Amino acid sequence: MSLTATDHHFLAAVFMFSWLITGKTVSGDIESDKQVLLKLKAHIRLWNPVVNENTFTRWNSNDEFPCNWTGISCNTRGNHVTAVDLSNKNIPGPLFRNFSGLPELEHLNLTANGIYGTIPDDLSKCRNLRALDLSKNIIEGEFNLTGLNNLELLDLSNNRIQGNLQLMLPARSCRNLVVLKLSSNNLSGPVDDLVNLCRNLHSLDLGGNNFSGNLSVQLDRLLEFSVPMNNLGGEIPSWFFSENCSLRCLDLSDNFFIGRIPKEISNCKDLVSLNLYGNKFSGEIPPAVGSLLSLQSLLLGENSFSRDVPESLVQMSNLSLLDLSRNGFGGDVQEIFGQLHQVSSLVLSGNSYTGGLLSSGIFELQNISELDLSDNDFFGPLPVEISQMSNLKMLVLADNQFTGSIPHGYGNLSRLQALDLSFNNLSGSIPSSFRTLRLISWLMLANNSLTGEIPAELGNCSSLLWLNLANNQLSGAIPPEFFNIGSNATAQLILLNQVGQTASGFSQCTNLRRWIPTTGSPLSSFMRFAGRKCEIKWDFLLNRCLPFSLCTPQVKRGAGYLQLRGNKLSGGLPPEISKMQNLGMLYLDDNGFHGQLPPQIGSLPLSALDVSKNVFSGEIPEEIGTLRRLQLLDLSYNNFSGEFPGSLSSLTELSKFNISYNPYISGRIPHTGQLATFLQSSFLGNPLLRLPIWMENGSRKLRPSRNQGQEGVRFPNSSSFCLFLVSCFWVMRRSHH
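The sequence shown maps to residues -23 to -1, 1 to 714 in mature numbering (1 follows the signal peptide of the UniProt record, and there is no 0).
Since the hints were derived computationally from the structure, they do not count as laboratory data.
Model, not experiment: these values are computed from the prediction.
Incorrect hints may appear among the rest.
What the hints assert, rightly or not - Straight line, CA to CA, 16 Å or less: simulated EDC-like cross-link-like pairs of lysine to aspartate or glutamate:
1) Lys590 with Glu620
2) Lys16 with Asp40
3) Lys102 with Glu81
4) Lys102 with Asp40
5) Lys545 with Asp567
6) Lys240 with Glu261
7) Lys158 with Glu201
8) Lys11 with Glu81
9) Lys556 with Glu599
10) Lys246 with Glu201
11) Lys246 with Glu212
12) Lys246 with Glu261
13) Lys246 with Asp285
14) Lys158 with Glu129
15) Lys102 with Glu83
16) Lys257 with Glu220
Unchecked claim - Simulated DEER-style distance windows between Cβ atoms:
17) Val291 with Ser464: 27 to 35 Å
18) Asp99 with Ser464: 49 to 57 Å
19) Ser404 with Gln573: 31 to 39 Å
20) Asp99 with Gln292: 33 to 41 Å
21) Asn344 with Gln12: 54 to 62 Å
22) Glu312 with Gly260: 35 to 43 Å
23) Phe233 with Leu661: 46 to 54 Å
24) Thr649 with Pro457: 36 to 44 Å
25) Gly386 with Lys545: 26 to 34 Å
26) Trp216 with Gln292: 21 to 29 Å
27) Ile235 with Leu15: 52 to 60 Å
28) Thr95 with Ser38: 47 to 55 Å
29) Pro457 with Gly662: 30 to 38 Å
30) Val291 with Asn126: 49 to 57 Å
The beta-carbon is built from N, C-alpha and C at its ideal position, and this holds for glycine as well.
The task is simple: from the sequences and hints, build the whole structure.
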């Protein structure tokens, strides 16, 4: 049947009307979503009134089509927002409470922003959510995701969430989950039930929580099962590794498992990473492990395995990391290790070895990039053969009984990034050949008996940020060239940040405890918080930020430190110290430095400055008052003179302060502000210094400090304390509005 002209006109009118209706509906849908996004922008601005140019700041209310906004994605029709990605934007505050106003939202990523408070009920109304990432924030309390039945990925790791996991994640809500990451929280509940309920899980990470009990469930469906740093225990039954095992990554580290490793682990042919570190496994390492030909990482440290390391490990051609530290093997290093030519990271620390370094053949392993032999009982000279291991990036020989001088050949290790020879009995001078270590970031020579001057050639180490020469017998003045260290560390720091933890994993955690200064350091309270979570320590060391703050790949000023305490150094502190713009902590205490502190020290991004127990004289530089990040300032036991600088009142972050025994300092300590919160012991031995009356008479009781590590806070009377509380309330109210 042919259509008449009238029919054509009628159909065209119907089409146009339909298009107008559809277009209006589409426009209305996206307009509604746009208004929700603008409310999100207003919410972020409310809690972050001063914010840098950021993704959401460019969201313009005049735009008709928000799908082009950075961080926003829409469906193919362009009528609804389907994804919001504001990850790593440093926008702390409570979680936005109207994401359900985006009815088609499928992906929400707010990781690493410092978001705090609880998860609002509104989020459970986002029925179409498939991926939710709120990791690396400060979210606390319990969560209820009962309505999120379509979730495939849920990442709430590195928060402060607590409670019974099974009650917060019922079976219906986890039936579609493929990836579940809840590590580093305070969760509890049975692990087995969760595996049984979430039938589609492929990846499960519950590390760093309070899960307990035995493991009595097969992991046939899982590709990754990670439960480190919990309270799980008991023996691993042989049927745990079934014939259908598809695991690629298994991490049971830092728990309380006992007994032997079942030989049935060989059923997991696809295993790439096996981490059983920090348990109570015993007996022989089963030779069946050698049949895991895909295995790249094998961590069996801190257990009680026997000395008999199976020869089958030689046939594991893909094995790159082997950690057998802290098993107390004793005697000589086993010769099996000299046959593992495929291994690039070998960790044998804490085994009470006494010899066998040469006979084992490990110095002939040319693929080795990381070698950790620390915390053993090796004695005699440092092995010169190490200088032939041209691929070494990390060499740790600390906590042994090595004697003699440091071989000049160690300067030939041109790829070295970390060298730790601390806590030995080494003598002689620091080799000038270290000038060729252009990539080195860590140089740890502390707690030896090294003598001579600090070589000016160290200034060639432009990547060197963490230098610890403490507690030796070094003498002489610091050469001006020395202060070039760390002048070109940006590229190396970014590389370390991208790599994250180096391959040696838990061994690095042990090393970090030695590498991060804690005694008399602003980091002491942080280290207690971090516990054994090495990744948190790593982030903090590189970025000077906690995991719930913004950690970007960009280098933050103040990441490095210089420790020279406990030597016999003398002379003045050259003004060239101002070159060390990556220096965050400076320890020069317990030496013989004299002269004036250079005012250029005020240009450094310091959080800790300790020049106590020297012979510094002259006035305290006013410029120290510009170091607003300063948390530790110790000027005690010197000969400073002149008027106490009023600029120090600007140091509002100070948690430790000491100016004792500088008898020529005069002036008045202010009776308000941060300096007035310290005890009288911070000002002893200064007869010309006038203290607030409540310090002098010592009649008032102490109240706890608001800063971790602070020595104490005094309030002169009850009315002052009331004013203090009123002021705090006013500040909190003002910041809220």
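Enumerated hints in conflict with the structure, sorted upward: 1, 4, 9, 11, 12, 13, 16, 17, 20, 22 and 28
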